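One letter stands for each residue in the lines below.
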Amino acid sequence: MKAVNKVDGRAIPLGLKNVDTDVIIPAHYLKTISRIGLGKGAFETIRAQPGNVFDDPEYTGAPIIIAGDNFGCGSSREHAAWALNDMGVEAVIAPSFSDIFSGNAFKNGIVTVVLPQEAVDRLLEVAKTDPIHIDLENKVVTTPYQDRFAFEIDDFRRNCLMNGLDEIGLTLANADRITAHERTLAQTQPWLVPVAA
Amino acid sequence: MLDSGSSMATKPRTLYDKIWDAHVVDQRDDGTCLIYIDRHLVHEVTSPQAFEGLRVAGRKVRRPDLTLAVPDHNLPTTARVDAEGNRLPIADVESAQQLAALETNAPSFGIKYIGATDREQGIVHVVGPEQGFSLPGTTIVCGDSHTACHGGIGALAFGIGTSEVEHVLATQTLQLKQSKTMEIRVEGTLGFGVSPKDVILAIIGKIGAAGGTGYVIEYTGSVFRDMSVEGRLTVSNMSIEGGARAGLVAPDDKTFAYLKGRPMAPKGEQWDQAVAYWRSLATDPGATYDKVVTLDAAEIAPSLTWGTSPEDVVPITGLVPDPKSFADPSKQAAAQKSLDYMGLVPGQKMQDIEVQHIFIGSCTNSRIEDLRAAAAVAKGRKVAANIKQALVVPGSGLVKAQAESEGLDKIFIDAGFEWREPGCSMCLAMNPDKVPSGERCASTSNRNFVGRQGPGARTHLVSPAMAAAAAVTGRLTDVRELMA
Ligand code: SF4
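Chains as they are written, first to last, in the numbering used here: chain A, 101 to 297; chain B, 959 to 1442.
It should be emphasised that the hints constitute simulated quantities derived from the structure, not laboratory data. Computed from a predicted model, the values in this text were never measured in an experiment. Wrong hints could be hidden among the right ones.
Which bits of chain B does chain A cover? Going by a derived footprint, with three or more residues having C-beta under 8 angstroms, they are [unchecked claim]:
no.	segment
1	990 to 1004
2	1055 to 1068
3	1114 to 1121
4	1424 to 1435
For each residue, glycine too, the CB sits at the ideal point set by N, CA and C.
Let's have the full structure, built from the sequences with the hints guiding it.
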């Protein structure tokens, strides 16, 4: 996974509360065989509305989304995180996130920044005209106007994000323990290796 | 490890504790353990993005020899080859894509693949035990929640999501926290016409669809000791419908007899070693469970569901319940919604309810014993005129061949059933076998959720014999009346 120290750029001022995973990526995109390409279905229902923020040329290629409370609620589909990845979104700022979504986002290298509603409101204003800067190392969000909003993030997750470590990478860092377990098994339960049928 | 038996252990342990302890690779301070996975079953729906993830990261499958791939969910159950033996194309583009992806991913990562036209193909949870790939005392995972099925032979088996599938492919392990244990003890003798499906429906009716949340269930008592291995697989399969991630039945002589000689099962001296180890896994006398639930076998009747949750269970002799009869106000509201969806009114006799569809199949009830039970009822009878479709879908090609050698296919076809190719079929609306909106199905599958068998479809979960009984009378029927 790509290491993330900071996310810098324009932010889509979505602002909506309770954006569920069905809104992020509708169910009819689930019968796919790839994580790539889901961006085209992302926020389909919102994009059907004329003048929506996603199709506003002002925010083309924006790496950040700013939303309201409870972002990513609903079904556990990991496709929601894949869709955001595919759109080029690297971070979401909101007052709260669903647990499952923030887990899925983390697994896919997306930073979820939790800030109080007042801070989110201020950032929604700034986002209309200026870029926003998320500094993961110092756990702070800043704007070109001296705004400075500190945020909390689990140390384990922050460390993984900053070093580009995914869960598989972390487990593989323990590969010698797995190998040792396999060696013991080969001695004690040799029948576990299936007979090649 | 071989010292998992009772002799070395100081504290008495349950079957679950023993399997868990033998699979801990590493433990974090917060109690999360890295658990070794002995067996990984892979199907076409939840695996494509996992393989893609490996490819993107340049990773390999750590133990392809412990992994087995079989397509089942999307595969149509109609003929797969034409008269000349050529593969027939699959009409649904996305299903065809998922199937093609598995067909290339498995060999390119060195995984054994049982293909759509192979004799051994079938539903993953039928194929695993049947091939001797699933073994007692092992940890088994699959990207499908009914993986709990394999607990019937005494394996700790549970469903996982796509990123976990990728994690297991790459590392052969999973990060897990230990579950609590629940003993479900059923003592006594089952009454005439009562099958393993009725037992598990009665259990879920008692504990509720969330009753097992956070637990792994061990099924104990004379009913499970006396039950066939096929029956135990049926019971354990639906553990997840009671909220439990996994179910277990202690492996015993029946289990060993069932597995002996299966293609991928241990052979010779290793078999004897394995059996000795498996015997040591039974729960020690004096071990305690976090929760104990008991049922009296004599009180279990042929049962079925009336609503849209698997906990909505009544005996076939019962009535559609009045939502007001439930104490919990949220259950009252849910029951009313269920009845509206199901098109039923309180007080209606379950036996008066007409059905239009019959589905005998799914990983819950598509093994040979299930087909024999259904055929015994169908024999010499005809599917009723109001039945639009009656499907019998064997769980695997080997089950199908066995049934045909016993003449069961003929019994079904003569009665007016369709005899299909193996797959998940009408269990879930992902392939062409669906129940049309507003129509009603007596189904041997495991989920009666809204839309599970097709948008607007109405499902009543029943045993294979009860499904056959409903087919010949055209309504939900007490199979005992036909079993004289
Ligand atoms: S038969 Fe149904 S429950 Fe079983 S694996 Fe297939 S879809 Fe899942």
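Outcome, coverage hint (the segment 1424 to 1435 of chain B, chain A; C-beta under 8 angstroms; three residues): violated (count 0)
Quick one: see if chain A covers the segment 1055 to 1068 of chain B, three-plus residues with Cβ-Cβ under 8 angstroms. holds (count 3)
Is the coverage entry for the segment 1114 to 1121 of chain B by chain A consistent with the three-residue Cβ rule at 8 angstroms? It holds, with 3 qualifying residues against the three required.
Apply the coverage criterion to the segment 990 to 1004 of chain B and chain A: a residue qualifies when its Cβ sits closer than 8 angstroms to a Cβ of the chain, and three qualifying residues are needed. Coverage by chain A holds for the segment 990 to 1004 of chain B (3 residues, Cβ < 8 angstroms).
Of the numbered hints listed earlier, the single one contradicted by the structure is hint 4.
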